[in-house]
Amino acid sequence: MDKIYDVAIIGGGPAGLSAGLYASRGRLDAVIIEKGRWGGQAATTEELENYPGSIEHPTGPKLTERMREQAKAFGTEFINDEVAGFDLTDKVKVIKLREGEIKAKTIIIATGAQHINLGAPGEDTFRGKGVSYCATCDADFFTELEVVVVGGGDAAVEEAIYLTKFADKVTIVHRRNEFRAAKSIVEKAMANEKIHIIWDSVVEEIYGDGIVEGVKLKNVKTGEVTDYRTDGVFIFVGTKPVSDIVKGIVDMDPKGYIITDAEMKTSVEGIFAAGDVRVTPLRQVITAAADGAIAAISAEKYIAEKFGH
Amino acid sequence: MIELNKDNFEQEVMQAEGPVIVDFWGTKCEPCKALMPEVERLAEQYKDKIKFCKLNTTENRRLAISQKVMGLPTFIVYKNGEKVKEISGADNCTPEAIENLIKENI
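First to last, the protein sequences are chains A and B.
At position 108 of the first sequence (counting the first as 1) the number is 108 in the UniProt record's numbering, and the numbers step up by one without a gap.
At position 47 of the second sequence (counting the first as 1) the number is 47 in the UniProt record's numbering, and the numbers step up by one without a gap.
Keep in mind that the hints are not guaranteed to be accurate.
[Claimed, not checked] Residues of chain A placed beyond 12 angstroms of chain B at every Cβ, according to the derived structure:
1. 2
2. 29
3. 53
4. 73
5. 85
6. 103
[To be verified] List of simulated lysine to aspartate or glutamate pairs, EDC-like, C-alpha gap at most 16 angstroms:
7. A:105 with A:90
8. B:51 with B:3
9. A:35 with B:91
10. B:28 with A:46
11. B:28 with A:47
12. B:33 with A:65
13. B:28 with A:140
14. A:96 with A:82
15. B:68 with A:140
16. A:169 with A:213
17. A:35 with B:38
18. B:68 with A:209
19. A:218 with A:205
20. A:240 with B:91
21. B:68 with A:124
22. B:28 with A:65
23. B:68 with A:213
24. A:188 with A:47
25. A:35 with B:96
26. B:85 with A:124
27. A:169 with A:144
Hints listed in this document are in silico derivations from the structure and should not be mistaken for laboratory results.
Ideal Cβ placement from N, Cα and C applies to all residues, glycine included.
Let the sequences and hints guide you as you build the complete structure.
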């Protein structure tokens, strides 16, 4: 392929889709490469009450699908493939895909973040058998059953509320004695009769016979271990960056989040980063979208300076 | 691909001759829907070697749970009415992993 794109965006979540929209509206030739499903993590959540304008339950899948349509309407191209590597020796960068390669003047890394595992015995064994990281995917199975949600951030508390639409009882297990989640979400959870909270506790083990039957909970203050019967365990204990493909290429913090300046520039000229993959104090759809817009404008400036148009 | 439900599961999967792969999916499972074109492609490619079925768990919840499936996406290979191998979860169920699952069992 001889075409040289102005911007190649890696990742099709809110950051990548917004970068595509802004780049295409700036008359740049933009392409987004996505290895899996479009929409990123946002496409797996039903509750999106904190994105401005998204009242009356727009849902993550719907909102991200509209973001994609919007970028497409302005000319953004889409490729469903996985990035295998880069050749950054020339001014025009080469992105190697599993099938073929593409050339671009700039790259925007918008690969996002993914859930981290609990690391408890039984977690892998019962994957798809009661252990889940995606409430919208699996909530149906737990209709009239009981589930445990592990975590204390926005995702854990929001998904616990969502699960009460299906399960009879939702128990949130959190290692501290207060939630990190936004106050309005916490108030909503506290007022929900189906939600029970076990503070200062961690899941030590998940057990069952073919499917999940219960968890062993350990109180971190007293050390006491108790059995807690449950049909499902939803795990929302945090995220990690999806940045392996640019490891050793751009500067990162010890956790693997990409370091950028306020213009989304990384340590390598012509490579920008946007969204959850970057070092940032907040990882939400709105911050990802904002990062994407800034990265696209920065890419446009870089092209004007280095390529002279 | 054959659409499974409680009426034909026994005949199409448990009584089948040769290997059968079942794609357990759901109407609200975005990762499942994103995989569907790849699964259709594999179904076409391996149609002479393995029987491809899909089961909508939203409509057939009890049947899915009877197969000890409580999470999506899940792919299970059956032979002679017995589960041989399965993979589950969006990050495990990549197109390559599904193709490997097929290759290992034909």
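Against the structure, the hints come out as follows:
No Cβ of chain B approaches the Cβ of residue 2 of chain A within 12 angstroms, the least distance being about 28 angstroms, so the stated non-interface status holds. With a minimum CB-CB distance of about 25 angstroms to chain B, residue 29 of chain A clears the 12 angstroms threshold, and the non-interface call stands. At the 12 angstroms boundary, the C-beta of residue 53 of chain A stays outside the reach of chain B, the nearest C-beta of that chain being 21 angstroms off. Its beta-carbon lying about 21 angstroms from the closest one in chain B, residue 73 of chain A satisfies the requirement of being farther than 12 angstroms from that chain.
Interface exclusion of residue 85 of chain A from chain B stands, the closest Cβ pair being 17 angstroms apart, more than 12 angstroms. Listed as outside the interface, residue 103 of chain A is consistent with that label: its C-beta sits roughly 25 angstroms from the nearest C-beta of chain B, beyond the 12 angstroms cut-off. A threshold of 16 angstroms between alpha carbons decides the hint, and for residue 105 of chain A with residue 90 of chain A the separation of about 10 angstroms falls inside it, so the pair holds. Of the supplied pair hints, the one linking residue 51 of chain B and residue 3 of chain B holds, its CA atoms being roughly 12 angstroms apart against a limit of 16 angstroms.
Of the pairs offered as hints, the one joining residue 35 of chain A and residue 91 of chain B holds, with about 11 angstroms between alpha carbons and a cut-off of 16 angstroms not exceeded. As the CA atoms of residue 28 of chain B and residue 46 of chain A are separated by approximately 9 angstroms, the hinted pair is consistent with the 16 angstroms bound. For the suggested pair residue 28 of chain B and residue 47 of chain A, the alpha carbons sit about 13 angstroms apart, so the restraint of at most 16 angstroms is met. A distance of roughly 13 angstroms separates the Cα atoms of residue 33 of chain B and residue 65 of chain A; the hinted pair therefore holds under the 16 angstroms criterion.
A threshold of 16 angstroms between alpha carbons decides the hint, and for residue 28 of chain B with residue 140 of chain A the separation of about 9 angstroms falls inside it, so the pair holds. At roughly 9 angstroms between alpha-carbon atoms, residue 96 of chain A and residue 82 of chain A fall within 16 angstroms of each other, so this suggested pair holds. The suggested pairing of residue 68 of chain B with residue 140 of chain A holds, with an alpha-carbon distance near 14 angstroms, which does not exceed 16 angstroms. Our distance criterion of 16 angstroms between C-alpha atoms is met by residue 169 of chain A and residue 213 of chain A, whose separation comes to about 14 angstroms.
This hinted pair checks out: residue 35 of chain A and residue 38 of chain B have alpha carbons roughly 12 angstroms apart, not beyond 16 angstroms. Distance restraint check for residue 68 of chain B and residue 209 of chain A: the Cα-Cα separation of roughly 10 angstroms lies within the 16 angstroms cut-off, and the hinted pair is therefore satisfied. A hinted pair counts as satisfied when its Cα atoms are at most 16 angstroms apart, and residue 218 of chain A with residue 205 of chain A qualifies at roughly 9 angstroms. Restraint check: the Cα-Cα separation between residue 240 of chain A and residue 91 of chain B comes to about 14 angstroms, which is no more than 16 angstroms; the hinted pair holds.
Of the pairs offered as hints, the one joining residue 68 of chain B and residue 124 of chain A holds, with about 15 angstroms between alpha carbons and a cut-off of 16 angstroms not exceeded. Simply put, residue 28 of chain B and residue 65 of chain A have alpha-carbon atoms about 14 angstroms apart, close enough for the 16 angstroms limit, and the pair holds. For a cut-off of 16 angstroms, the pair hint linking residue 68 of chain B to residue 213 of chain A stands: about 12 angstroms separates their Cα positions. For the hint pairing residue 188 of chain A with residue 47 of chain A, the CA-to-CA distance comes to about 13 angstroms; that is within 16 angstroms, so the pair holds.
Distance restraint check for residue 35 of chain A and residue 96 of chain B: the Cα-Cα separation of roughly 12 angstroms lies within the 16 angstroms cut-off, and the hinted pair is therefore satisfied. Restraint check for residue 85 of chain B and residue 124 of chain A: satisfied, since their Cα atoms lie roughly 15 angstroms apart, inside the 16 angstroms limit. Between residue 169 of chain A and residue 144 of chain A the alpha-carbon distance is near 8 angstroms, which keeps this suggested pair within the 16 angstroms criterion.
Of the numbered hints stated above, none is contradicted by the structure.
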